[in-house]
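Visitor: Fit chain B to the supplied structure of chain A, relying on the hints for placement.
Taken in order, these protein sequences are the chains called A and B.
With positions in the first sequence counted from 1, the corresponding number in my numbering is that position plus 485.
With positions in the second sequence counted from 1, the corresponding number in my numbering is that position plus 485.
It should be emphasised that the hints constitute simulated quantities derived from the structure, not laboratory data.
Treat the hints with care, as some may be off.
Identical chains blur together in the list; that is why a pair holds if it fits in one copy or across any two.
[As the list claims (entries may be wrong)] List of simulated lysine-lysine pairs, DSS-like, C-alpha gap at most 27 Å:
(1) Lys675 x Lys654
(2) Lys492 x Lys843
(3) Lys511 x Lys631
(4) Lys559 x Lys843
2 protein chains.
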Amino acid sequence: MNFELTKEYIAQLQKAIEEQDTGFIKTEMEELYPSDISEILYELDTDEAHYLINQLETDLAAEIISNLDPTDRKRFLKVFTSAELAEYINVADSDDAVDILNEQNIEVREEVIALLKDREQARFILDMLNYPNDVAGGLMQKELVKIKVSQTVTECVEEIRRQAEDVEKVYAVYVTDDEGILLGIVSLKKIILAKRGSKIADIFESDIVSVKTTTIGEEVADLMQRYDLEALPVVNVQGRLLGRITIDDVLDFVTEQAQEDLQVVAGLAGDVEETDSVLTLVKARLPWLLVGMVGSFMAAKIIDRFDDSVAAIPAIAAFIPLIGSTGGNVGIQSSSLVVQSLADKSGLDTSLPERLRKSLWVAFLNALVAGIFAFGGSLLVDGANVPLSFVVAMSVMSIVMLASLMGTLTPLVLNYFGINPAIASGPFITTTNDLLGYGVYFLIVYLLL
Amino acid sequence: MNFELTKEYIAQLQKAIEEQDTGFIKTEMEELYPSDISEILYELDTDEAHYLINQLETDLAAEIISNLDPTDRKRFLKVFTSAELAEYINVADSDDAVDILNEQNIEVREEVIALLKDREQARFILDMLNYPNDVAGGLMQKELVKIKVSQTVTECVEEIRRQAEDVEKVYAVYVTDDEGILLGIVSLKKIILAKRGSKIADIFESDIVSVKTTTIGEEVADLMQRYDLEALPVVNVQGRLLGRITIDDVLDFVTEQAQEDLQVVAGLAGDVEETDSVLTLVKARLPWLLVGMVGSFMAAKIIDRFDDSVAAIPAIAAFIPLIGSTGGNVGIQSSSLVVQSLADKSGLDTSLPERLRKSLWVAFLNALVAGIFAFGGSLLVDGANVPLSFVVAMSVMSIVMLASLMGTLTPLVLNYFGINPAIASGPFITTTNDLLGYGVYFLIVYLLL
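Okay, chain A solo, but in the shape it has when bound (with noise of 0.2 Å):
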């Protein structure tokens, strides 16, 4: 059954809502599963929504308010009082318990913990909400099934029996030793498998992947991936087992990293959502902005000096686009290639030579076929002034091959000294381009016209 929400029946529930039919609301919600009443409570307003959720039991609403988009949830939980809140902090997935308080404002926050039935879902969102939520210590979840080491299956399949309702997920079981440091995992597949008696000791798989609480969000979902994990234990320095990671977490975690990425290359700073307020729009627009208008102001003053030459010939200023947006155009595509190669671990053997080598046979091969279409382009532009349009096709040519050259060369400068290419090189290529591209021009028509 695959959920697909309509107009109709946002109307109908809205009217189910208002005229306070419990009945009808529980009977429909009972069909759906949670991420799709989630998908629900962003059609309805906020109080709406929250009278909605009050109808649903506890760990079902729990479950829900997890699911939500993080800015969304935010304005949501505005109209809960604090006990409504603990009442769902205390049955929810330890990771999204902390993530929705971290969401809240630190007396809320405080209140809440307060409140919360479960102190031991306190203590470990205390502990959690030390870790920013982009290491591995603000990804995990404490929620596992774990054994000792010098137990049986039986007790096992008892374990997991006993936690099976807090845990919603269990891939593996983990093998800790009587001091809890981790010492390895069985499937559930070898659970199943395993005679009841069998002990622990001798069917656990002892040569594992797990990461420290510090261990950055990256590599995280790095590991993951190259080991087809869908779990990752996370231990202490000492390496007690604190909690696991789930691939879902690493899922999304990923989703929002290259979400990122793509707000960094349209020049946004910080990571912003179309409903956002004003000012943290504006915030996180102008400094790139401002930025950009600082290298164009010092390609103002290159421009300046050939002030000369451009009242002899106005049509020059004509093709100054030309030379910007073909500069930067090429820039970006150079650099995003060899960023994306930096970051793939599979790059690791191309050398700086190969990479040259070719870089500049690909550029010579687009400079070569953008210099005769400049060439014709601007004919039709200027009126026919062959010598003005020998030079803009021969300024293209050469910007062509300068800009290819910068772009493949800055993020391999910057990778060296330590800075991450993707997030530097936009906005420092783009100006260095410009900067050159118009030089290079001006230069050209000092020199032939």
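Guide: What follows is chain B alone, placed relative to chain A:
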């Protein structure tokens, strides 16, 4: 054990390969995960890698080859005979087998399929080759554990035992009727906790999510993410269970998609890597370069109309880059936010008037700050020419407002007409904003100076 690759280790291994010290190679490789051996292969030359692979167990070798990056794998497998390839394809997971064969040319592909000992694998591969690799049919594997609804838990455990070797990751057992129509699943947790004699019919979960072979990859990823699934069954039009898609493949798919999205923003046509051939790279880069140039020629045509103004006040030309890049930056910032919220299902509640109202406020505040900044900056550049600086500031303000509006509206309009706004917005918005920007600038120059 978290493996780290060192130059010393590679040198040691290369020495062992040169001396044909198979004992050393086998002992060392036994210590490692298959994915770590894949990493090592990237550092060896093709013949060394070929030799190393041939020393390993067929199953292990097949897994290592499956883990390789497609581009590197294609190059690497060129030294393998069809008979060698067939040996590995025979035991590889069916989805990987299809991927590997898809990378080979048609003769090799047919030879290998003809040589496969496992004829069931051969038949499945022939079926799968019909699907593009970005739909469910191309992402699925046939390896899964299934059982008939009429059977018992005891029989199910036997079935798991029988298939355990073939199916590496068992998350759940699929339940079908006698015709193979998918009815539901039983989780391993439930099997462990159930009494051995229980009937599958009594314990299986019938309310599950499945997809058709033609479902696109993005939807597969979205479903698995929304419902936190680790595997998704694939059925044909009659509902017959054909295979499953596992979350590790979806994680790979999402990562690749993110890379492609970034490439689109960077102006690359088609999915390329730095290691691709010179000609492939030129083909990916030239189209967008030339399209961008056409836009610049149109800009040149506009600027050309004002050559009297430029001849009179050549300093006007100096601010052409400022106008162009500010408009471009603002447009991409605005459009990427809208594209992002169009892709996000939770953004459905933003109405058009609400969107425009907000985007105008953001634009207004940005325009105000950018305008003041432009006034100051241009005063510095043009030697305190107040009238010109005023014109530049006015133009920047107008362009920030106009480009924001265009950046917001264009993706919405494209989306309305069913055109993917993510792909088409970038070049369209950049070109339109350039033209708009130069038009406004020279109009203000013409009117005020």
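Visitor: None of the hints should be skipped; say for each whether it holds.
Guide: Now for the hints, and whether the structure bears them out:
{"no.": "1", "hint": "Lys675 x Lys654", "result": "both (17 Å within a copy, 11 Å between copies)"}
{"no.": "2", "hint": "Lys492 x Lys843", "result": "between (55 Å within a copy, 25 Å between copies)"}
{"no.": "3", "hint": "Lys511 x Lys631", "result": "neither (36 Å within a copy, 34 Å between copies)"}
{"no.": "4", "hint": "Lys559 x Lys843", "result": "between (50 Å within a copy, 19 Å between copies)"}
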